[in-house]
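K.L.:
Sequence:
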Amino acid sequence: MPNRAIQRLFQSYKAALDKSRQPLKNRRAITSITYCRTRDMGVSYYACPDCQEQWEQYHSCRHRSCYVCAQKHRKEWIEAQKQRLLDVPHFHVIFTLPHEYLPLWRYNEGLFARLLFRASQEALQELLADKKYGGIRPGILMALHTWGRQLTLHPHTHCLVTAGGLMKSGEWKGVGDYLLPGAVLRRYYRGKVQALLKDAADDKGLVLPPDLRVEDFWRQHRSLYRKEWSVRVEERYAHGRGVMLYLARYCKGGPLRPEQIKRWDGQRLEMSYLSHRDKRIKQQKLTPWQMIQRLLQHVPAKGVHTVRYYGLYAPAARKRHQRMLAQHGNLAGVKVRCTAPVEQVLLCCNACGAHAELLGRPWRREAKGFSFIKEDGAPAVSDYVQQGVERDLERGSIGDSS
Numbered sequence: 001m002p003n004r005a006i007q008r009l010f011q012s013y014k015a016a017l018d019k020s021r022q023p024l025k026n027r028r029a030i031t032s033i034t035y036c037r038t039r040d041m042g043v044s045y046y047a048c049p050d051c052q053e054q055w056e057q058y059h060s061c062r063h064r065s066c067y068v069c070a071q072k073h074r075k076e077w078i079e080a081q082k083q084r085l086l087d088v089p090h091f092h093v094i095f096t097l098p099h100e101y102l103p104l105w106r107y108n109e110g111l112f113a114r115l116l117f118r119a120s121q122e123a124l125q126e127l128l129a130d131k132k133y134g135g136i137r138p139g140i141l142m143a144l145h146t147w148g149r150q151l152t153l154h155p156h157t158h159c160l161v162t163a164g165g166l167m168k169s170g171e172w173k174g175v176g177d178y179l180l181p182g183a184v185l186r187r188y189y190r191g192k193v194q195a196l197l198k199d200a201a202d203d204k205g206l207v208l209p210p211d212l213r214v215e216d217f218w219r220q221h222r223s224l225y226r227k228e229w230s231v232r233v234e235e236r237y238a239h240g241r242g243v244m245l246y247l248a249r250y251c252k253g254g255p256l257r258p259e260q261i262k263r264w265d266g267q268r269l270e271m272s273y274l275s276h277r278d279k280r281i282k283q284q285k286l287t288p289w290q291m292i293q294r295l296l297q298h299v300p301a302k303g304v305h306t307v308r309y310y311g312l313y314a315p316a317a318r319k320r321h322q323r324m325l326a327q328h329g330n331l332a333g334v335k336v337r338c339t340a341p342v343e344q345v346l347l348c349c350n351a352c353g354a355h356a357e358l359l360g361r362p363w364r365r366e367a368k369g370f371s372f373i374k375e376d377g378a379p380a381v382s383d384y385v386q387q388g389v390e391r392d393l394e395r396g397s398i399g400d401s402s
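Numbering follows UniProt numbering, with no gaps: position 67 of the sequence shown is 67.
Every clue listed holds true.
Listed below are the simulated SDA-like cross-link pairs for lysine to any residue, each with C-alpha atoms no more than 25 Å apart in a straight line:
1. K72 - C348
2. K192 - K204
3. K192 - W218
4. K285 - Q260
5. K227 - L208
6. K75 - H158
7. K168 - Y309
8. K72 - C349
9. K72 - H355
10. K302 - A16
11. K285 - Q11
12. K132 - S230
13. K192 - E215
14. K75 - R4
15. K262 - Q283
16. K168 - R318
17. K302 - L153
18. K302 - L206
19. K302 - D40
20. K168 - E122
21. K132 - R236
22. K82 - A326
23. K192 - Q125
24. K285 - S12
25. K14 - L286
26. K19 - R4
27. K319 - A332
28. K168 - R308
29. K192 - G303
30. K72 - A351
31. K168 - Y133
32. K302 - R257
33. K279 - Q150
34. K262 - W289
Computed Cβ-Cβ distance ranges for the label pairs, DEER-style:
35. H328 - P209: 44 to 52 Å
36. K302 - G242: 25 to 33 Å
37. L325 - R232: 26 to 34 Å
Derived by calculation from the structure, the hints in this document are not laboratory data.
By construction, the Cβ of each residue, glycine as well, lies at the ideal position given by its N, Cα and C atoms.
Work the whole structure out from these sequences, hints included.
P.N.:
Here's what the structure looks like:
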């Protein structure tokens, strides 16, 4: 059974959340997480034709930020990656957005997500295509994460990069124990992000916060050329399995595992996290409302893809990818078994194992396509800004008092 600690947290504060002003993406997440696998989400009724056993199954919300129904989707994603990833050494590269741009991120989530993906993959592919650094075309799996260990806003991309790639001759070439010089990669990535951001600002595609003047933005933009940006290239892995499983943990189900919530007395909540600095497990105390706000700021906007594939792993490189699979194999040996499709699980009787029959699948009227109409009288404001809604942009945001 899934741990429902996060769901219970949302259920306890559902009335307050309904009164607060939230962007549409948060409304969808709140409703989905609150009602997942409850009668409000709908019910399927089953009966066994042999022993006459009957039972009901509540529907899942299938929201990508819901932990209750994420386990099945996580395992299915792992199975898909096992078939995609080559059984060759991989590097793990992390590109981070400078925190000076966090106010801009809140008003331009979709823009920055596309910008980070593009800047990261172009920096890797263009440098590795240079003969000085190998002259190859690698395979890249890339995932966007927006949170740090304490659930604060910390946008960055995780890149799983093959330790080698195809040369123009069509032959495979490895890169050895080092992927790219760190200083070169940092400067190249910085230039890519800055150029893309400048283009967006010049084309009027960048929304500035109300308290940020245009001249202040350009001053900040210039100053960040003098800053050392954060790009980490981890040591080479003999395979990509460990990083793949790490990414799967967070690509489905949101940034927090319910097991991290250690104590909740109604007033204060204590969560555990692994400190980056000393690699020790530490505790953080928050109010339940602060925890909910931190979780909601990491809900992806509708249409924003958080996982993408480039180079040999790109869908357009299918023929090259198939040729490399025949040469190197895939990661089918990962010992993670995917659960059976939900239809197969439910159609088996729990008592005798016979195939069961679906009696009915009624939906509550309001459950089949929830309505997300904003209430103008709501007093509170979300810590996240929905793009394209001028009223939300003018009202500001709730600060995190922790």
